[in-house]
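*Asks:* So the protein lines, in turn, are chains E and B. Quick note: the first sequence, position 101, residue 101 per this note's numbering, numbers continuous. Quick note: the second sequence, position 297, residue 297 per this note's numbering, numbers continuous.
It should be emphasised that the hints constitute simulated quantities derived from the structure, not laboratory data. There may be inaccurate statements among the hints.
Identical copies look the same in the list; a pair holds intra-copy or inter-copy alike.
As the list claims (entries may be wrong) - Straight-line distance between alpha carbons at most 20 Å, and here's what the computed DMTMM-like set of lysine to aspartate or glutamate pairs gives: (1) Lys185 x Glu212; (2) Lys81 x Asp51; (3) Lys185 x Asp87.
Number of protein chains: 2
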Amino acid sequence: MEILVVGSVAFDSVETPFGQGTDILGGSATYFSTSASFFTGVQLVAVVGEDFPAEHRDFLASRNIDLSGLQVVPGRTFRWKGRYGYDLNEAQTLETQLNVFEGFQPNLPGKFRDAEVVFLANIDPELQLEVVRQVRRPRVIACDTMNFWIAGKREALVRTLREVDILIINEGETRQLANEPNLVKAARAILALGPHTLVVKRGEYGVLVFGEHNVFSIPAYPLEEVFDPTGAGDTFAGGFVGYLAATGNFSEAAIRKATVFGSVMASFTVEDFSLDRLRRLAWPEIEERFRMFQALTAFEGLD
Amino acid sequence: MEILVVGSVAFDSVETPFGQGTDILGGSATYFSTSASFFTGVQLVAVVGEDFPAEHRDFLASRNIDLSGLQVVPGRTFRWKGRYGYDLNEAQTLETQLNVFEGFQPNLPGKFRDAEVVFLANIDPELQLEVVRQVRRPRVIACDTMNFWIAGKREALVRTLREVDILIINEGETRQLANEPNLVKAARAILALGPHTLVVKRGEYGVLVFGEHNVFSIPAYPLEEVFDPTGAGDTFAGGFVGYLAATGNFSEAAIRKATVFGSVMASFTVEDFSLDRLRRLAWPEIEERFRMFQALTAFEGLD
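Isolated chain E (complex conformation) (with noise of 0.2 Å):
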């Protein structure tokens, strides 16, 4: 199955201790397509100002990902500015241009309305909405969010995830949705609004997924060299729904591999700026790290 994921496309600027990059091709949507795409084809809704140049429309269109709902409208395209420290887990945000996103109106072309799996990537919650009513039978809605939705239009965000099968968010947005501290009855809060699996990203502490029944976990891989973590939640996304869409499985099983598989892909991201690790990345990479989270995380059973 293929995906039709909603989101931005964006150039940003980011720095980290260890160099920095102006301009460079980011977004959520960007970052969940590209990582999406070495599982299988993707369908790309959002848009971008007259500023964006061929170069990155040719690398995405390179890597099976049909262009034909990215709008080019004038203007300039969306800009983010942001700054990590030592501790990588979090960015400060010094400035958000929205620019042409400030009136995107997701129109589906006319075959993106048969998507059987959908991916909401962190845009206002009234325009995901909009976008599951353009979609016929969907099989599968997977959805992001923020905390400046969840605090600013939490209403129109609860009518979303009721549309919701997997939510995938990050730890403190899993507390600030639920109101709840404790992470296992926060989950249970969250699901009780719609969606039957939570998953909470924790940034180099890895993933918790929540179903109704049950709980996996994975530590995320250490690395030694952490560039830019700008992109991880959504390569990771893309990982996981790419997987899960890619075998059209959706079984707690298979949930569980698509988890080891998204955290593969953001392990891979974070090597380097923007997309540039995800641009030389080849598939025997990946079934090479999916090994070593196996060999990271096994231990035996009872004697």
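Following the hints, position chain B against chain E.
*Replies:* What follows is chain B alone, placed relative to chain E:
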């Protein structure tokens, strides 16, 4: 094999958002010994004042803990007072009364000097080294320390670490000891100081174990009710060292299983104040939670 442990026996006064306890039984050696006693016999070296009640002595003795190295001296027992917020990962120390601990000199009873497995709980590294010198032919020495000694007695600590096989500390201490923010690089620097294994405790995020050529990681069990994290680290160490000593196997595979048993034991301790959960813990519950860790972390291989 039995385990020799040197550390503190204390009265704790603890406040958490879920309740409080005053002058309840605590101390690193107390938590360690009680936890390890589920796996093997323990020889305890510590000091208490004349205010230490027979009730606590009787409890420890009932747990297969040899108290012939527990000195009773005039004065009051060591007291610690701390508070936790909703973020239960870190205690705020409100008061520390060293009392009889101030003049503590660990003198091992003759029969303790043949110990094969030694755990040096978090005390002055000079005292830790004195214990090492009194033990004739230890097979494995494990050790804990804290920010206070890393900052204030680094040279003594480095001398002690030369004698240590397994260092068990938390994440912040790892970075502080190596003066390096990246955990993988920090681990390598610490292994160069002497230990062949570094166990990094990450509270609710689990544990990372670095060997010379391998790394293992396990998440903590996500718990719905965490009442009091005091003693979780020492309880972990008790299960970890306890399993190794009980089996007499110190291979990498054994260290992985020991890490899971340590995590199992810690997951019980935090469910109640003081040692109350361990007091009513039975072996079948330990086995059941070990299986829960298997269920928490299992995923299939590459097809």
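*Asks:* Confirm or reject each hint.
*Replies:* Hint check results:
no.: 1; hint: Lys185 x Glu212; in the structure: within (12 Å within a copy, 39 Å between copies)
no.: 2; hint: Lys81 x Asp51; in the structure: within (17 Å within a copy, 61 Å between copies)
no.: 3; hint: Lys185 x Asp87; in the structure: between (28 Å within a copy, 15 Å between copies)
In this structure, none of the earlier numbered hints is contradicted; all agree with it.
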